[in-house]
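Visitor: The primary structure of each chain is shown beneath.
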Amino acid sequence: MRKSANTAHKLAPIITFLLLLLLWEAGVRVYQIKPWILPGPLAVANALVKETPLLLTHTAATLLEALSGFFIAIVLALLLGIILNSSQLLHKAIYPLLIISQTIPLIVLAVLFTIWFGWGITPKIIIVVLVCFFPITINLMEGINSVDPDQINLFRSMGASNFTIFRMVKFPSALPAFFSGLRIAATYSIMAAVIGEWLGAQKGLGYFMTLKQKSFAIDEVLAAVIIICLLSFLLVKIVDLAEYFLLPWNRIEEIS
Amino acid sequence: MTKLEALNICKTLDGLYTLDNISLYLKEQELVVIVGPSGCGKSTLFHIISGLINPDTGRIIIDGRDHTGQTGRVGYMQQKDLLLPFRTVLDNIALPLVLKGESWQEARKKAKSYLSQFGLEGFADYYPRQLSGGMKQRAALLRTYLFASDILLLDEPFAALDAITRHKMQKWLLSLRNQYNPSILFITHDIEEALLLADRIYVFSPLPGRVVGEFAVKNLTDEEKSLCKKQIMQLLNM
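Note that the protein sequences, when read in sequence, are chains A and B.
Each residue of the first sequence is one higher than the last, beginning at 1 in full-length UniProt numbering.
Each residue of the second sequence is one higher than the last, beginning at 1 in full-length UniProt numbering.
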């Protein structure tokens, strides 16, 4: 009973997805919508296969930007987490700025970066860093600050120094929250790289899409969208996998 | 011989007069229980004895030396087990030894030799969340013991457990005590628990916490104990 219910739960989203695709294809055919307005899913799949070699080179460029930015953001978030933890005053001084920085419209920044840093890979990486840095840092700091004060008191009563407490208690306790931040940042990273490319680049999926959009090759634009979705999904899964192996204690079910 | 002494401790916390001139002592190998209503400053007193906070006035003397405001001397266990969820049971228990400068290898070896007496045999590589409430408290107690084997401050260690487990743990604590002979200062709001465990009992008043009674209950008969219980209840206006 339970097993069949499980399978049904797993199949449900797939069936919904297939139904929607079917509806889309049928709609495009029944209403005879022009392919340069909206191609059907079959046409998109066709474009995906046809343009695979070209898409792959652009994907490589986008992935390089996204991953570089992602890793730089992780390093910066860890550094900032350690620094802000060391001093209450620094925390007070910097934390509000961090929040406010998120109100700056990213699109404007992206345009400015192309003016300042040109059409190469640098401005895209900076955008990815800016986008990813925030969720990682905020989650990490939330995790650090939500450690039970009694837990910290216990270690203080045993004579542990602030740094030891950070290393042995606060940081490991914050890891699950840190990974939630990573998961959000992972999806953002690809999107941020694409936005950067969209506003001016020489390669990458964003650049590919602007070109194809201008020539009304909507099927190829959508093919690129599929790749973007797959990449984001893949990155999230990699983060999940890393969490699974790095935090074995977090996956074990409670017994009592 | 006197192991630990609190002398004229006064403390105001966040504008609230919490401890009013507390003086008490703990002799070597003695088990002293502090009974009092919830929120009478008992835990604040333990914070002061363990050195986490300074008293406004008064001193903490351990083994004849002034230890006021100094951490790292006594073992302090709270109601919550406070085991690190990301470390195995064995590592949690060995951690205090590492904090005291031993290598992980030595610390684990030492910790392992105590597991069976603390009812944790075979659970070394489990994570805390896989243990029952009673086992977690035993692990926390072993950690406390390994940090400072001579003076243990136990702050309502069994309060969160169900009645059956609590009773088992109380009996087990007494047998453990006969084996290792530490000096124990134990907080509870449960008079029965106090009478079962204690050699001597201090009764605290509601805020500001003040010692309003002291009872030597070691080797008392059941009748004498029930008389004690009445007197304590009167002191606490129950």
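I should point out that these hints are in silico values taken from the structure, not numbers from a laboratory.
Every value quoted in this text rests on a predicted model; they were computed, and no experiment measured them.
Among the clues, some could well be false.
[To be verified] Restricting the straight-line Cα-Cα distance to at most 20 Å, the calculated cross-link-like pairs of lysine to any residue (SDA-like) are:
#1 A:Lys-237 to A:Leu-247
#2 A:Lys-50 to A:Ser-215
#3 A:Lys-203 to A:Ile-184
#4 B:Lys-168 to B:Asp-150
#5 B:Lys-100 to B:Tyr-145
#6 B:Lys-229 to B:Tyr-180
#7 B:Lys-100 to A:Trp-198
#8 B:Lys-80 to A:Lys-203
#9 B:Lys-100 to A:Phe-163
#10 B:Lys-80 to A:Thr-122
#11 B:Lys-218 to B:Lys-80
#12 B:Lys-100 to A:Phe-166
#13 B:Lys-110 to B:Tyr-180
#14 B:Lys-100 to A:Ile-152
#15 B:Lys-100 to A:Met-168
#16 A:Lys-214 to A:Lys-237
#17 B:Lys-100 to B:Leu-146
#18 B:Lys-80 to A:Lys-50
#19 B:Lys-80 to A:Phe-163
#20 B:Lys-100 to A:Asn-153
#21 B:Lys-80 to A:Ile-165
#22 B:Lys-168 to B:His-189
#23 B:Lys-80 to A:Met-168
#24 B:Lys-230 to B:Pro-37
#25 B:Lys-100 to B:Asp-150
#26 B:Lys-80 to A:Asn-153
#27 B:Lys-100 to A:Asn-145
#28 B:Lys-80 to A:Ser-215
#29 B:Lys-100 to A:Gln-151
#30 B:Lys-80 to A:Asn-145
#31 B:Lys-100 to A:Arg-167
#32 B:Lys-225 to B:Arg-200
#33 B:Lys-100 to A:Ser-161
#34 B:Lys-171 to B:Thr-88
#35 B:Lys-80 to A:Ile-152
#36 B:Lys-80 to A:Val-147
#37 B:Lys-100 to A:Thr-164
#38 B:Lys-80 to A:Asp-150
#39 B:Lys-109 to B:Thr-88
#40 A:Lys-203 to A:Ile-104
Visitor: All hints, please: hold or fail.
Guide: Right, here's what the structure says about each hint:
no.	hint	result
1	A:Lys-237 to A:Leu-247	holds, 15 Å
2	A:Lys-50 to A:Ser-215	holds, 17 Å
3	A:Lys-203 to A:Ile-184	violated, 25 Å
4	B:Lys-168 to B:Asp-150	violated, 23 Å
5	B:Lys-100 to B:Tyr-145	holds, 13 Å
6	B:Lys-229 to B:Tyr-180	violated, 28 Å
7	B:Lys-100 to A:Trp-198	violated, 57 Å
8	B:Lys-80 to A:Lys-203	violated, 57 Å
9	B:Lys-100 to A:Phe-163	holds, 15 Å
10	B:Lys-80 to A:Thr-122	violated, 50 Å
11	B:Lys-218 to B:Lys-80	violated, 28 Å
12	B:Lys-100 to A:Phe-166	holds, 17 Å
13	B:Lys-110 to B:Tyr-180	holds, 15 Å
14	B:Lys-100 to A:Ile-152	holds, 17 Å
15	B:Lys-100 to A:Met-168	holds, 14 Å
16	A:Lys-214 to A:Lys-237	violated, 33 Å
17	B:Lys-100 to B:Leu-146	holds, 10 Å
18	B:Lys-80 to A:Lys-50	violated, 62 Å
19	B:Lys-80 to A:Phe-163	violated, 24 Å
20	B:Lys-100 to A:Asn-153	holds, 16 Å
21	B:Lys-80 to A:Ile-165	holds, 18 Å
22	B:Lys-168 to B:His-189	holds, 18 Å
23	B:Lys-80 to A:Met-168	holds, 19 Å
24	B:Lys-230 to B:Pro-37	holds, 15 Å
25	B:Lys-100 to B:Asp-150	holds, 15 Å
26	B:Lys-80 to A:Asn-153	holds, 12 Å
27	B:Lys-100 to A:Asn-145	violated, 26 Å
28	B:Lys-80 to A:Ser-215	violated, 66 Å
29	B:Lys-100 to A:Gln-151	holds, 18 Å
30	B:Lys-80 to A:Asn-145	holds, 19 Å
31	B:Lys-100 to A:Arg-167	holds, 16 Å
32	B:Lys-225 to B:Arg-200	holds, 12 Å
33	B:Lys-100 to A:Ser-161	holds, 12 Å
34	B:Lys-171 to B:Thr-88	violated, 26 Å
35	B:Lys-80 to A:Ile-152	holds, 13 Å
36	B:Lys-80 to A:Val-147	holds, 14 Å
37	B:Lys-100 to A:Thr-164	holds, 12 Å
38	B:Lys-80 to A:Asp-150	holds, 9 Å
39	B:Lys-109 to B:Thr-88	holds, 14 Å
40	A:Lys-203 to A:Ile-104	violated, 26 Å
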